[in-house]
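In case you want the letters, here they are:
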Amino acid sequence: MTRALQGSSVASRINESIPGAATDSNQTDVWVSPQSILEVATFLNGDDALDFSFLTSITSIDYIEYFELVYRLLSMRNNHSVVIKSRCYGREDLSVSSVTSIWQGADFQEREVWDLMGIRFDGHPNLKRILLWEGFPGHPLRKDYLGQDGEMQRPEDLDV
Amino acid sequence: MSEMKSEPVILNLGPQHPSTHGVFRLRVTFDGETVVDAEPVMGYLHRGSEKLAEGRSYVQIVTLTDRMDYTASMSNNLAYVSSVEKLAGIDVPERAQYIRVICAELQRIASHLMATGFLLNDLGALATPLMYCFRERERILDMFEMLCGARITLTYMRPGGVLQDAPAEFWPALNTFVNDFPGYLDEIESLISGNEIVLTRTRDVGILTDAQAINASITGPMLRAAGVQWDLRKANPYEIYDRLDFDIPIGALGDTFDRYMVRVLEMRESIKIVEQCIRDIPQGPIRTGTPYFIRPPAGDAYASVESPKGELGFYLVSDGGISPYRCHVRAPSFINITALRDMLVGWKMSDLIIIFGSIDIVLGEVDR
Chain A
561 MTRALQGSSV
571 ASRINESIPG
581 AATDSNQTDV
591 WVSPQSILEV
601 ATFLNGDDAL
611 DFSFLTSITS
621 IDYIEYFELV
631 YRLLSMRNNH
641 SVVIKSRCYG
651 REDLSVSSVT
661 SIWQGADFQE
671 REVWDLMGIR
681 FDGHPNLKRI
691 LLWEGFPGHP
701 LRKDYLGQDG
711 EMQRPEDLDV
Chain B
1048 MSEMKSEPVI
1058 LNLGPQHPST
1068 HGVFRLRVTF
1078 DGETVVDAEP
1088 VMGYLHRGSE
1098 KLAEGRSYVQ
1108 IVTLTDRMDY
1118 TASMSNNLAY
1128 VSSVEKLAGI
1138 DVPERAQYIR
1148 VICAELQRIA
1158 SHLMATGFLL
1168 NDLGALATPL
1178 MYCFRERERI
1188 LDMFEMLCGA
1198 RITLTYMRPG
1208 GVLQDAPAEF
1218 WPALNTFVND
1228 FPGYLDEIES
1238 LISGNEIVLT
1248 RTRDVGILTD
1258 AQAINASITG
1268 PMLRAAGVQW
1278 DLRKANPYEI
1288 YDRLDFDIPI
1298 GALGDTFDRY
1308 MVRVLEMRES
1318 IKIVEQCIRD
1328 IPQGPIRTGT
1338 PYFIRPPAGD
1348 AYASVESPKG
1358 ELGFYLVSDG
1368 GISPYRCHVR
1378 APSFINITAL
1388 RDMLVGWKMS
1398 DLIIIFGSID
1408 IVLGEVDR
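Top line first, the protein sequences correspond to chains A and B. Following this note's numbering, the numbering of the first sequence begins with 561 at its first residue and continues without gaps. Following this note's numbering, the numbering of the second sequence begins with 1048 at its first residue and continues without gaps.
It should be emphasised that the hints constitute simulated quantities derived from the structure, not laboratory data. Among the clues, some could well be false.
[Said to hold, decoys possible] Cut-off 25 Å, straight-line C-alpha distance, at most; resulting in silico cross-link-like pairs (DMTMM-like, lysine to aspartate or glutamate):
id, chain 1, residue 1, chain 2, residue 2
1, A, LYS688, B, GLU1086
2, B, LYS1281, A, ASP704
3, B, LYS1052, B, ASP1078
4, B, LYS1098, A, GLU628
5, B, LYS1395, B, ASP1294
6, B, LYS1133, A, GLU628
7, B, LYS1133, A, ASP589
8, B, LYS1098, A, ASP584
9, B, LYS1281, A, GLU652
10, B, LYS1133, B, ASP1078
11, A, LYS688, A, GLU652
12, B, LYS1319, B, ASP1233
13, B, LYS1098, A, ASP704
14, A, LYS688, B, ASP1233
15, A, LYS703, B, GLU1086
16, B, LYS1098, A, GLU652
17, B, LYS1395, B, ASP1212
18, B, LYS1098, A, ASP653
19, A, LYS688, B, ASP1294
20, B, LYS1098, A, GLU694
21, B, LYS1319, B, ASP1294
22, A, LYS688, B, ASP1212
23, A, LYS688, A, GLU628
24, B, LYS1098, B, ASP1366
25, B, LYS1133, A, ASP584
26, A, LYS703, B, GLU1097
27, A, LYS703, B, GLU1101
[Stated by the list, open to error] Sample of chain B residues facing chain A (criterion: CB under 8 Å; computed from the structure):
id, residue
28, THR1200
29, THR1202
30, TYR1231
[As the list claims (entries may be wrong)] Label pairs and their calculated CB-CB ranges:
id, chain 1, residue 1, chain 2, residue 2, range
31, B, GLN1330, A, TYR705, 48 to 54 Å
32, A, GLN587, B, THR1256, 49 to 55 Å
33, B, THR1256, A, ASN586, 33 to 39 Å
34, B, ILE1325, A, LEU706, 36 to 42 Å
35, B, THR1247, A, TYR623, 36 to 42 Å
36, B, ARG1103, A, GLU599, 50 to 56 Å
37, B, ARG1326, A, ASP704, 52 to 58 Å
We put the CB at the ideal spot given by N, CA and C, even for glycine.
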């Protein structure tokens, strides 16, 4: 069985290396500050005991007050996993550091988060929309996006 | 000749190219006939499944999952209902778990047969090998029809079990299939595996190394062909996989031939699994009494299964309501093409088609 590492023990390991990066933790999850994501990712990937060399997925949730980014990490060698979460407050001009330099697997997934949720990833080599076309108004997975069937926009209606 | 000046040529493969297996566009830059750059362009089949899920009840969403990887609906159903069961704390009766595993393995065979058939199609062996593969797939679809009346978009699984017990005529059909299939697979293999043209075209072509595959989050037969023994059925067993005896075939090089071979070997392992399930399946209920409208407690859950394409996971967030607050799909087809550019650069046009074909993507799942 894949062992889910205790959130608090991973949080203390992170804070030993990057003081103040991990802000909270529970049974399975660790919350880190959005400014420290790249540093935390570098540490988790490079640490020999943790060995998180595989990025299972990146996703995001709109909690209206803040956006939560969810990074699911796995070590195939040790067969253990951890969930790293990060809260971004505000609704405009959100950005966090891209982790594509550490895990190539983040490439399309970060583009998907930008496309559908509207969070920018600084340092991403090719941050374009991936499922929708350039010029699409808004980010559909946000809770304030009101794209009803009658209001659906077609590419030819747009000035692109 | 090397002083001759030439301009790179940009060619759009797709969105309607037959080798893209759906509506997918590859924007390829060629130098002569050699690929120097490739950029996948997707989204032609984007239906906003994740957004649609936010407005549907937990049981209704099962129908949306059918339409993601439409060549492996059973696996999608299984991944989704596992996630709901984890979120809401629903137990599944043992008989239902056995039926689910039988369905998931039959679906794996059906999906791998399609992948194999279309790979040969892309190689230029038009239609004949594909028809051999479809002949067997047809029998699996017939069995699914006995289970739930549908053949492609099945919606057979429910949170807490399956729709209904397998009818009496299902078991003899399954037995016949399990007895016949290894022979048919030998037949297909005798046409393909030792074929000189196939070997020349696929050996050492489009190599993806284990380190590259892990760094690019690649899962499924592609990862195993690169020599990494990682299969969620063994690494993180769900349902009743921990009671079953089967092997995880791996490749040596990670080339196109290994990806084909791993799929063939996996089909043989799937037959072993189905045989054990037929032998061990207990009597009993096939579904726990869950209400139609499930209200899981606030929280989140992630469950994943080894689908024919790789790790298929559903991440559900509940706010206590009748529909999920957020439903995210970790789609293997989508993530498996991350390393596509690295695999294609340096190869010729004709190799591009089979390297891409050997990845085995389904656009319903890429675009969701």
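| query | Which numbered hints does this structure break? | reply | 2, 5, 8, 9, 10, 14, 15, 17, 19, 22, 28, 29, 30, 32, 34, 35, 36
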